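Q: Keeping their order, the protein sequence lines are chains A and B. With the first letter of the first sequence counted as 1, position 11 gets the number 158 in the numbering used here; the numbers rise by one all the way through. With the first letter of the second sequence counted as 1, position 75 gets the number 222 in the numbering used here; the numbers rise by one all the way through.
Don't read these hints as lab results, they were simulated from the structure. Model, not experiment: these values are computed from the prediction. Hints are all accurate, no fakes.
Where chains are identical, the list cannot tell them apart; a pair therefore holds if satisfied intra-copy or between any two copies.
With a cut-off of at most 30 Å between alpha-carbon atoms, the simulated DSS-like pairs for lysine-lysine come out as follows:
(1) Lys413 x Lys394
(2) Lys471 x Lys365
(3) Lys384 x Lys317
(4) Lys351 x Lys323
(5) Lys365 x Lys413
(6) Lys328 x Lys351
(7) Lys365 x Lys399
Protein chains: 2
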Amino acid sequence: MAYHVAAIGHALVDVLASADDAFLLEHNIAKGVMTMIDEYRASTLYAAFAAPQEAAGGSAANTLAGLVSFGGKGYFIGKVKDDRLGTSFADSMAASGLTFATTRATSGPQTGCCLIAVTPEGERSMNTFLGAASTLHTADIDEKALGESQVLYIEGYMWDVPNAKAAIGKAIAASKRAGKKIALTLSDPFCVGRYREEFLGLLKNDLDLVFANEEEIKALFEVSDFDAALQALEGWKGIAALTRSEKGCVVKHGNELHLVDAYPVKKVIDTTGAGDQFAAGFLYGLTHGMNLADCGRLGCLGASECIAHYGARPEVNLRELAAKANLLRQ
Amino acid sequence: MAYHVAAIGHALVDVLASADDAFLLEHNIAKGVMTMIDEYRASTLYAAFAAPQEAAGGSAANTLAGLVSFGGKGYFIGKVKDDRLGTSFADSMAASGLTFATTRATSGPQTGCCLIAVTPEGERSMNTFLGAASTLHTADIDEKALGESQVLYIEGYMWDVPNAKAAIGKAIAASKRAGKKIALTLSDPFCVGRYREEFLGLLKNDLDLVFANEEEIKALFEVSDFDAALQALEGWKGIAALTRSEKGCVVKHGNELHLVDAYPVKKVIDTTGAGDQFAAGFLYGLTHGMNLADCGRLGCLGASECIAHYGARPEVNLRELAAKANLLRQ
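Start from the sequences and build out the full structure, keeping to the hints where you can.
A: This is how it looks when you write it as structure tokens:
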């Protein structure tokens, strides 16, 4: 098996800069949330950022970075442009040990980015310009690579790009033909709200595995209570990996159900990326023959490392962390 | 149906008095735990208590008091002596609206009591003298009343009294003959440690319902992880109602599983009796045709009321509380 996980997601470069509240007010940045912005505004904000730091980001790409840190092999499908940020993204993915072979766009919008203003108390105000990421098309789907990947992992955010759906459809068909597993992360409760019917259709017809946090799974089934969401999954044959913040996670597979506690964290610094790193650990376990409870434990471990520092990618080697936690005993 | 629940438990009078640390040291009272004491020590401590307050206690009796507060009917089987504390216990049970018809002992040890020294910070140091409670025998089992009770609820602490086992065996046989449900609360992790094999035998052969907190169910299956305990219940046909403190409860019945969140509590004052009142709410729901998720919610509601004040019995009408929480909609 060439790859444990192939992921399709938005290829974004995170651009971080320190800022104060006055900066947020001056530049009309909504504090603490994620706002979609256009190219003009992206270039204006970028110019205003003082000493910006760049790092490859994007939800599914973050998950693959975590998978590699656990010791897995990942293949990323996402679109950048052949520009400076695009090179930055590709270099960062390569440095992580990931395969990123999607052809770069030579025309159209610039490489997508997430301009993040970090205020002194650690709050992150995100401004996302999808840019080239929104131009992913069917020709970018490498069916051979998908045939060599145990799991195809898709970011729910992709549904925000209408023309990406054909590409996703092609990828799902290719992976299914090759007998591989299809996984979706619901990404965000608002995203679920926008594409609820489509996600339910995927769940019914295509998915082997769904990742969701409590708000997302409640949004999917339009219920106000976690238990009601759990009951709504009755009869579904796939694996649901549901995260519940400090309550840990619930893993359901048919009649098999596991409750895994969260790992203790001394101080929660920044929860950005917790779901991405949960998925990383879970997918590592699943593609290495581990039982579902241990998959959940690896996921919780990845999330616990992530929330103890700024940023959505691991700062330590997750494989060593997992070994210390006695989770690689198999 | 004459009664919703018949319970067998230790008939104890709680005797509470304020005390300071010097008092605990002077009278060799271990702070914050429950210690079994003998009759001599009970009378010495009782004499030393300043302005003691008395109230009927005992785990299963507390549960029935909660059941009545929810609007149910309860029948209590437990042994007191025909002495002042025995009268106090019987009066208190009657005032709660419970039926307590066990013949009082005319000889033998005095009525059992739990002498509780409450230190200024709210810590409870308990000293239990079982007394007459330890003399329950088969003649005290009223098979007719059990035949009229939907559920027989047994306190695990009863196993500390060797001669109570025959009485319990008779009660179980009578309830089973009448087609009623048998429920056991595991009471305490140390209690589980002492009678593990017997409790496992009961689970296998007699129980329809088991109540346990996280530590107790882990002790029963000798595992260190809640999920492992949950998996150990696989294949068991009964209902497991498992409490997890601030994580709420897990209700498992075959392949049906519910996760119910705890109700928020402004300030936890005293967790004594939380398990008793959880059982009260759960049993009320179960004996009133509610679904298992709502049974769990009623249990969590009862526990949340209990831990917000001193003492193991409800201070408000739980039926009104449940109505406000929209749990009596059926």
